[in-house]
Each structure stands twice: as C-alpha cells, then as structure tokens.
Amino acid sequence: MKKLFALVLALAMTLALVACGGSSSGSSGNSSESSSAAAGGTVKIGVFEPQTGDNGAGGKQEILGMQYANFVQPTVEIGGQTYNVQLEIVDNRTTAENGPSAAAELMNRGVSVVLGSYGSGVSMAGGAVFAEAGVPAIGVTCTNPQVTSDCDVYYRICFLDPFQGTVLANYAYNTLGVTNAYTLAMLGSDYDQGLVHYFTEAFQALGGTVTNEDFPEGSANFVSYINNAKAAGAGVIFAPVSTNYAQLIIEAASAQGFEGALLGSDTWDNNMVVESAQGKNVVVDITTFYQEGGNAAFDEGIKAWINSNADAKTNNGGNDMISAVTAMGYDAYFVALEALKAAGSTEPAAVLKALPGVSYEGVSGLIEFDEIGDAKRDAAYIKAANTETGEWDFVTIQGVN
Amino acid sequence: MKHMKREHLITAAVLLALLVGAFVLDATLPSYHIAIKVVKKACVYSLVAVSMNLLNGFTGLFSLGQAGFMLLGAYSYAVLCIPVAKRAGVYQYFDGGIVQFSLPEIFSGILGDTVGGVVGMLCALLIGGLIAALCAYLIGLPVLRLKSDYLAIATLGFAEILRAFFQWNALGPLTNGSNLLKNYPDLGGAAAYVILVGIFIAIILLLVNSTYGRAFMAIRDDEVAAEAMGVNLAHHKRLAFIISSFFAGVGGGMLAMYMGTVQALSFKSAMTYEILLIVVMGGIGSITGSVLTSFLYIASLEWLLRGLDSGTFLGISSPIFKNGFRMAIVSVIIMIVVLFFRKGIMGDRELPDLFKPRRKAAKKGGDAQ
Amino acid sequence: MQGLLPYLINGVSVGGQYALIAIGYTLVYGILRLINFAHGDVFMVAGLIMVYSSATMPMYLSIPLVLILTVVLGFTIERAAYKPLRTAPRMSLMISAIGVSYLIQNLAFYFTGGLPQPVTNPIPWISENVTVFGESTKRVTLVTPILTALLVVALVYFINHTKIGMGMRAVSKDFETAQLMGIKINSVISMTFVVGSFLAAVGAMLYFTNYPSVAITSGGMPGLKAFVAAVFGGIGSIPGAVVGAFLIGISEELIKGLGYSTFSDAFTFALLIVVLCVRPTGLFGEKVTDKV
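These protein sequence lines are chains W, R and Z, in that order. Taking this note's numbering, I'd label the letters of the first sequence as residues 1 to 401. Taking this note's numbering, I'd label the letters of the second sequence as residues 1001 to 1369. Taking this note's numbering, I'd label the letters of the third sequence as residues 2001 to 2292.
Treat the hints with care, as some may be off.
[As the list claims (entries may be wrong)] Calculated lysine-lysine pairs in the DSSO-like style (CA-CA distance at most 30 Å, straight line):
{"#": "1", "chain 1": "R", "residue 1": "1086", "chain 2": "Z", "residue 2": "2163"}
{"#": "2", "chain 1": "W", "residue 1": "376", "chain 2": "W", "residue 2": "303"}
{"#": "3", "chain 1": "W", "residue 1": "376", "chain 2": "R", "residue 2": "1086"}
{"#": "4", "chain 1": "R", "residue 1": "1005", "chain 2": "R", "residue 2": "1322"}
{"#": "5", "chain 1": "R", "residue 1": "1086", "chain 2": "Z", "residue 2": "2184"}
{"#": "6", "chain 1": "W", "residue 1": "303", "chain 2": "W", "residue 2": "353"}
{"#": "7", "chain 1": "R", "residue 1": "1343", "chain 2": "Z", "residue 2": "2163"}
{"#": "8", "chain 1": "Z", "residue 1": "2184", "chain 2": "Z", "residue 2": "2173"}
{"#": "9", "chain 1": "W", "residue 1": "303", "chain 2": "W", "residue 2": "280"}
{"#": "10", "chain 1": "R", "residue 1": "1343", "chain 2": "R", "residue 2": "1147"}
{"#": "11", "chain 1": "W", "residue 1": "303", "chain 2": "W", "residue 2": "341"}
{"#": "12", "chain 1": "R", "residue 1": "1147", "chain 2": "Z", "residue 2": "2083"}
{"#": "13", "chain 1": "W", "residue 1": "353", "chain 2": "R", "residue 2": "1086"}
{"#": "14", "chain 1": "Z", "residue 1": "2083", "chain 2": "Z", "residue 2": "2163"}
{"#": "15", "chain 1": "W", "residue 1": "341", "chain 2": "W", "residue 2": "376"}
{"#": "16", "chain 1": "Z", "residue 1": "2083", "chain 2": "Z", "residue 2": "2173"}
{"#": "17", "chain 1": "R", "residue 1": "1322", "chain 2": "W", "residue 2": "313"}
{"#": "18", "chain 1": "R", "residue 1": "1343", "chain 2": "R", "residue 2": "1356"}
{"#": "19", "chain 1": "W", "residue 1": "303", "chain 2": "R", "residue 2": "1322"}
Bear in mind the hints are in silico, worked out from the structure with no lab data behind them.
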C-alpha cells in the first residue's frame, strides 16, 4: 500500500512542472470554438442572472425585460443575414461561488454576448470566466466600479456606486435638508457596503454626520436598528439592502414610528417593497434607472405582454408594475443587438470589438460607453413610495451637482 | 514492487488513467469549459470531504466547523497572493490594505516566473492550512472535551463567529471587510488540481494507515476501550482535529483559487452540511467514497442535472422542471441514502478492495448491505 | 444608547419567540438525545403555510390549518426520518436530521421559487401599532411574552399531570427501563414531536406577524439561537429553555443597542461555547454521567 502511494506520489511530483507548462498553454486556448453557434441562423445571447437567492426577485424582473425585448425583436440582421435571437438563461444563484460554473455553462452553450448580472459580486466572479473565453458581457444593473475596471470584456449600461451614493447624499443633504444620517448595510454584502462607503464619503464632505451600522445576514428583527437611528437623531436612514430586508426595514420603521425618511438604492425599486410601504406611516425615497411613464409605448407594450403571460406576471411579483431593472434588461438586449449588427458577425471577438462604439437611445436614456466600459450617465431618477396607492411617484431627476 | 497485489496494480492504473484524463481535458478543451470547472471544483471538494472524513469518519469526532477552517485557508491564500499592483483596486475602500507583498511575486523574483509563481502559491496554500491548524489547536483546547453533539454545535458556532470577524469593517485593511478579494492567480488547469489534491489525499491515506490512524479508529470504535489500550485520548483527538483542519484550510485555499473571488459570505454552515452529506453518501470511513461522491455530486449539480432547473432534461420537457428541482431531487436521494443505505456508496471499502478477487469482494459486498 | 426601554421590550419579544422554538429542541433532546436540526425548518414551513393559507381563506380557518399542518409535518418527520434509525448510532440520527433540514429547505425553495414570500395578510389586531410608555411598537411584541408564558404553564401542567406527560418524563430518564415498564415509546416520542411542532407553529405565527417575510433560510438563525437558548438553560429542562431564550433575546438586542451589531449573532455562539465549556449542563440541567 505504502509503496503504491510512494509511486503515485513520485509520479505526481515529476508531472507537476509539466502540468504548469501545459495549463498555461491551455488557458491561452481558442475562443473560436464557442462561436460556431451561428450555424442555422441562430445567434445566442447569454443571460447571466440570479433567479434564486437574495437577488432572485430582482434578477427575475431583469430577465423579464430581456424576454420582452426578445418577444418584440426576435431577429437581428447580421452581415446581411437574418438571425433568430435565442436567450440562454442561466441562474447564478446570487452568490459569487456559483458564478464561475454558471458562466462556464453559458460559454458551453456557445453564446456570442452575455447580459447580466443584477448584482456586482457575482458579475465579478463570472467576469473572470468571460475574460478567459473572450466573450463580451454587458452588465445591466451591477453598480460596483470594479466590475468593469478590472475586466476587459465587461461593459455596463447603468450608473455606478460612487455616482449613486453621491446622488443620494446630495438629495438627503440639499433637498431633504438633513444633516444627520444613519446607514444600515448587510454584513458580508459588497453591494451594501460599497454604496454606504460612497454615501458616507459624500455626505460627510457636504458637512453632515453619519452613523454606520451593519446587520448579520438572515436578520429579521430591525427594531433595534431603527431605535439606534432614532437615538442617534438621524433624519434619514440609508439602507441599500436587498429587497427582502428593505421590506422588513420599512415594517420596523413604521412600527417604531420613525419620522425621518428611508433612503433606498436601485435594489428597492421593486413592487414588493412599494407594496410593503402601502398603508404605513413611512417616507421612502429611492434612486433608480427608469421611471414608469418615461416611455409610454414601452410601458404599454410590456404591461400587455406581462398580463398575457402568467409566468411573467408571477415573476414580476403578481402585477404589471414596471421595475427599472426590467427597463434596463430591455435596453441591455437592444444594446447587444446593436453590437451584433455593428460587428457584422456572431464571433464573440468581433462583438467585443464593436461594443465600445455602440450608441443606443434606450427607454432609460442614451447609452454610450466610456473608455473603461461604463455607461456615460449623469442623472438618476428619484422616486418616492406613495403609501396610499402602493405605487412609486416620480420626484425628480438628480445629478451629482 | 514484486509483492504488489493485483488489486493494487489495477488501482494504480485507474489513478494513472484519471491523471492522464485530466491532462487530456486540459489539452483539448478551453480553460473555461464546464468539464474543467467541474473537475477543479470536484477536486477541491474531494480534499475537503476527505479531511472531514478523517475527523468524522475515522476518529468519530462529529465536528461541523469545516466551513470556518476553509474560510481561514481561502482568505490566507487570497490575501497572500494578490499582486501588489492590484491591491489598491481590490482594497478600494481600505487604501490598498495593510498587506503589501505577494508571495508568488516574491518567489518569482528568486526562482523565475513559472516556478516561483507556483512555489509562492503552494506556500500560500500551506500557510492557509497552518493558520487553520493553529486555530483548530486553540479552539480544540476547550471544545474537544465535549461529547458528540455538543462538539458539533460548538464547532458550528465557532465557524459562524469566524465569519462575523472576517466581515468586520475594523479588520477591513486585512480582510477587505464584506467585499470581495480577487485578482489572485490560479494554479492552472484540471491536471494541476488533480495532482495537488492527489498528493494531499495520499498524505492523509498514509496517515490513516499509520499507528496514528489506528489510534483514531480505536477512539471511534470505543473511547473507553481505546483509553484502556493506552491511547492518549486528548492527544489523539487534538491531533486528528488539527490535521483535519489543516487540510480543510488547504482545501479552502484551493476553493478560493477555483472561484476566482473570495467572500466570507460563501462560507456558511450550509457549506459544511453539504460536505458532510457528501461524506455520508460516500460512506463514512471510506476515502475513495468521499472522492467518488464529490465528483458525482459536483458534476451532477453544476453540469449534468442543470436541465432539471431549466425546463428540459434528457430531452423531456416538463413544467415541473423549474428552478430548484435539481436540488430537491438531490436532497431526496441524500435522504434515501441516509435512511436505507446507511453505509453509503462505498461503506468503509477503498478503491483496491473493489479489485480484489471476486470471492472476497462478494463477501465484502455482503457485509455492506 | 439612550432609552433602555425600547430595547428591552424588543428583547423580551424576541426572547418569547425563541422560547417557543427552544422548547421543541429541549423536549426532543431530552428524550432522543438528538439535536433536531430540522426544527428551525419546521418553523419556517409553518410561516410559509401561514402565508399561503392567510392569502386564500379567512383567519379563523387559516390559523387552525397552520397548527394542524405543522403538527402533521413534525409527526411525519419523526416517523419517516428518525424512527427507522432508533437503533442506529447517534451520529446517524443527527446526520438524518441535517438531511431532513436540507430536504425541507430545498423543497421550500422549489415551491417558493427561491424568493422570500411576503406576509400580505397578517393576523389583524396583533399586527397593529400601539404606544407603550411613549414608545411605538406592534401589539404582537407585547402579546408574545404573555402567550409564551401561558403556553409554558400549560405545557408544564401537561407534563406533570397527564399520563402521556409522565411517559415523557420516564422516557427521558431512562429509555430502556421505560420501555420495559410498558410505556409505548413510539407514541411518547411522536407526542413530543407533536408538542414541539405545535409550539413552533405558534411561534412562527407570532414571528412572521412581526417580521412579515418568510425566506427559506428564515428558520435557520432563529432555530440555531433557540437551540443555544436550550443549551444555555440546560437542555432537557423546559423552564431552562424559556429562561435561556429570554436572556439571549434581551442580551442580543442590548448588544445591538450598544452599537456592536456586527457581533450580535457571534455573541450568541460565543456564549454557547463558554457555557458548554464552563457548565455543560446549563443553568437548570441535570448532571449526566456516562455509562460504560
């Protein structure tokens, strides 16, 4: 037995160096293999989105936008030929550890371009695989700067955390006239912590004071945090948390009679959140990418589509309210089509080359990329929850200044 | 060599074939291919499952702290291996962090790029293992005196405490708080993982077959009797706990390599349960079983059964094939194994046992039922 | 921290919820020497049943339905997953419990689509806001500890003064002897699970009135903490579990109030390790000696 393993061990040792040499030549491998999907007049667009986990609700709504876009425009003209567009949807389960295999699965299906994801952490985890494969990815609502800055193939159509955090800080300080803010973020969530970081920086630069607190994952009881905010004399609670916690925070703020405003980020733009505010005595203001009513034709079309499709309606939380992420998913799909057209080929490499030059007027505004690969955006929509009707009211468009 | 039995030769051949298979995968498929991802992840899970088996299966200590020790290894590896130039970006909220060196870079300076990089990464893995082992020693002092289920819950709690610490913003310059660690190098393709994990598992096997291993099994079978036979209970339990944690730490480091990003949030108790169930399915006390089940489990979940979640499986489309169906099926299978096939796939047999002359194998098989 | 009162009120309420779950752990442990890892998930399923039933039927039907279905679930788990392992080593039993927990979570995941389910129709009256000593809170916060106390008194009476309760006490003292004395072990064990699940269902209804969203992981943390409470109070002891639950609930909220919310969960586990090492029998537990 021992001899056997001594043998295997020795063998392994001698092969170790070869392995390193071999693997480096392997990783520089060809990306052309995945591009042969074009055969048969079909071009595949990968959808890298969470359908489960903390961001499952948001991810599903984002996919809805893409599916509707695919319904509206199922074909694309590439190099003089008409291709059918097929969406390849893979669930990345919100978390970074499931990112690589979900991304690899997409590569396996031979997609030309990837859309997603909803959150940043999993986008970064998947980004490494996309970069290896040389397949371009279009981030839809992942707002962490590092998604694009560290990855050559990642582009995105939404604004970034530093921008969003600053916008909210300005809004709180200048428009709401609050000088004392309380922030609440989930421990372990890079999205929450990143936004809180930028909000705090901007709010303090304006001359305000900020109290930061974190809650452990899986918390349900936010009563003590609201009490802490009251004790700190905060005029706003900024909590860029996922949808589930947003509902619980609204509930707790209402039960504890918190009188200031609750500030939310784009994750709050969800009908479940606004419904939980219905009939409660709370003020909820959020920043987001799109306001329902921004484009009447789009609104009408997608509402009709959602209402005629039971699955879609369930995924949208049981009604036909349009979330900003749905509009963003819709835009992302068309940006991908533009890139495919410009590339004149379904080769990922060609699409990657064409993507930076794309300019597209989407329902959420004009989309163009800067040299890092981020969308040039200088304004965010601010919406407020109408506690009587349970819908979002448009407040203003806010820039950094 | 000349005394080598037939089953050992076949075993060696099987292992060699696996290794060659990994090389073939690396050579023929692009590095992002799902098959390679599956092999890599399964290798990592094999190592972690075997390390857990060493403790739970061979020593009979029911510990649920695996995720915590993996967390230590993963963070050590990531923190020690991020290239200096990328640190400012990774630690974007903490001014580039306080660790301002990178082991692969240091060794590259001495030994050249290829060799130095590999040596640096291996060192980081081993340091991760040692840190996990050190923590295991410290936490072992109080908790190893506890009996079975109390030990389980105490180690589970310990892992949760570790996670809270790693996410704490005050430690951010070291751990990057709640944010991802990334941009560190990966060792290579499937073959590199197979070789590395193979070496570690071989070491565990040698240990199991040594006097220490026999002492561990004596403790598992009957503590009182073992003590009466002169086995130092406290010493051997501590040893098993430390060794198991060391390999869990190394496995955590390799998981970090595989994932490309590390976040404390991944290392929840659910991860420990997952590994425990792999061990149980493979057969408590069988290293071969743990490895085999790791490969089956990861390949099914990450690749083969994906169709169960997305509507079409084996050409059959059905509305019941929706999100989560895959996990539901897998957990039903797990429960069936737990209840009706308590010995798991392998019982306590190892790979060579499978190739023994038929008469003996049949007898063994009879025992397993 | 200013104004201790809101934290205390909240802590007592949280403690009451933990207590109702902790009793389930302590009863089962007392009899089977099993940490029923699936208990937290039974609690979660009770919450889900409440979400679905309250959305489709009136309150006077949905509340009994939640109680009955949860009890059936607890009973089924015991019969299907623990009874076949009666003679197996304790480790197999615990692995089975972890397997059941994994199974329930994955099934719940499948049926809910992995999304947290909001409680759209909370139980009226108790979900309304009230003002206590100038602090606003939900009525359920005040109802929880009172209801918990009443249920515990009833339970203690049940255990001390009924035949099946006596059986439970006998079985927890000595499994084999009780069997020899003609006690129907299986029905006693089933009864334990029925009682535990019933209390978990009550706990779930209160809990998810206060925090109106049921995620598939909702059972995990309260379950673990309730278990810690049971250990803290001395596992196997009902008053111990209740006192432990209230102490943990209050200290957790006080820690949040002091600004160490990062460690509010970690504290609970640290407490567990300390208690296990210093006084493994907990506050009210009996000393157990090992028989060779």
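Structure-based check of all given hints:
Distance check on the hinted pair: residue 1086(R) and residue 2163(Z) sit about 71 Å apart at the alpha-carbon level, beyond 30 Å; violated. Between residue 376(W) and residue 303(W), the direct Cα distance comes to roughly 28 Å. Compliance with the 30 Å bound is thereby established for this hinted pair. For a cut-off of 30 Å, the pair hint linking residue 376(W) to residue 1086(R) stands: about 25 Å separates their Cα positions. The suggested pairing of residue 1005(R) with residue 1322(R) is violated, with an alpha-carbon distance near 50 Å, which exceeds 30 Å.
Distance check on the hinted pair: residue 1086(R) and residue 2184(Z) sit about 68 Å apart at the alpha-carbon level, beyond 30 Å; violated. Between residue 303(W) and residue 353(W) the CA atoms are separated by roughly 35 Å; this puts the pair beyond 30 Å, and the hint is violated. Annotation: proposed proximity of residue 1343(R) to residue 2163(Z) is violated, straight-line Cα distance about 39 Å (limit 30 Å). Proximity of residue 2184(Z) to residue 2173(Z) is assessed by CA-CA distance (about 15 Å); at most 30 Å being required, the pair is judged to hold.
Straight-line distance between C-alpha atoms of residue 303(W) and residue 280(W) comes to about 27 Å, which keeps the hinted pair within the 30 Å bound. About 23 Å separates the Cα atoms of residue 1343(R) and residue 1147(R), which keeps this hinted pair within 30 Å; it holds. This hinted pair checks out: residue 303(W) and residue 341(W) have alpha carbons roughly 28 Å apart, not beyond 30 Å. Distance restraint check for residue 1147(R) and residue 2083(Z): the Cα-Cα separation of roughly 23 Å lies within the 30 Å cut-off, and the hinted pair is therefore satisfied.
This hinted pair checks out: residue 353(W) and residue 1086(R) have alpha carbons roughly 25 Å apart, not beyond 30 Å. Pair hint residue 2083(Z) plus residue 2163(Z) holds up; C-alpha atoms about 22 Å apart against a cutoff of 30 Å. Only pairs whose Cα atoms come within 30 Å are accepted, and residue 341(W) paired with residue 376(W) is accepted, the gap being roughly 21 Å. Distance restraint check for residue 2083(Z) and residue 2173(Z): the Cα-Cα separation of roughly 19 Å lies within the 30 Å cut-off, and the hinted pair is therefore satisfied.
Simply put, residue 1322(R) and residue 313(W) have alpha-carbon atoms about 16 Å apart, close enough for the 30 Å limit, and the pair holds. For a cut-off of 30 Å, the pair hint linking residue 1343(R) to residue 1356(R) stands: about 20 Å separates their Cα positions. With a C-alpha separation of about 24 Å, the suggested pairing of residue 303(W) with residue 1322(R) holds against the 30 Å cut-off.
Figure legend: structure checked against the earlier numbered hints; hints not met, in rising order: 1, 4, 5, 6, 7.
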